[in-house]
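Converting from the sequence shown to the numbering used here requires adding 494 to each position, the first position being numbered 1.
I should point out that these hints are in silico values taken from the structure, not numbers from a laboratory. Just so you know, these numbers come straight off a predicted model, no measurement behind them. Hints may be right or wrong, so weigh each one.
For lysine to aspartate or glutamate, the following EDC-like pairs were computed, each having C-alpha atoms within a straight-line distance of at most 16 Å [to be verified]:
(1) K530 to D499
(2) K530 to E498
(3) K530 to D496
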Amino acid sequence: MDPEDLQAHYNLMLCYQGIGNATLAETEQALYARFKADESSQFITGSFRLRSPDDNNERQSIHEHRSARTAPLSPAPKRLRQASTGGF
Numbered sequence: 495m496d497p498e499d500l501q502a503h504y505n506l507m508l509c510y511q512g513i514g515n516a517t518l519a520e521t522e523q524a525l526y527a528r529f530k531a532d533e534s535s536q537f538i539t540g541s542f543r544l545r546s547p548d549d550n551n552e553r554q555s556i557h558e559h560r561s562a563r564t565a566p567l568s569p570a571p572k573r574l575r576q577a578s579t580g581g582f
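Please build the complete structure, drawing on both the sequences and the hints.
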């Protein structure tokens with residue numbers, strides 16, 4: 495489990511409440527509150543994130559990095575090719 499998974503902490507909180515384990519329910523509730531997005535900060539940073547898509551991408555917990563193109567691979571030297579094929 496991802497230790498920062500908001501939905502998991504919420505569901506665990508509900509499960510522990512359902513089985514009557516108040517101690518674990520309170521622990522999960524505290525973790526849920528800790529990782530829940532602060533909606534007021536979303537409002538404050540919204541215009542910046544719209545103007546800066548790369549910065550907005552970085553703040554996402556799961557995101558892709560757009561890499562620069564790399565140079566084409568050059569073939570391995572002949573001595574390495576021979577070693578990898580048993581010398582043939």
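A quick look at each hint next to the structure:
Under the criterion of a C-alpha separation no larger than 16 Å, the hint pairing K530 with D499 is consistent with the structure, at around 9 Å. This hinted pair checks out: K530 and E498 have alpha carbons roughly 9 Å apart, not beyond 16 Å. Taking the CA atoms of K530 and D496, the gap is about 14 Å. The hint holds against a cut of 16 Å.
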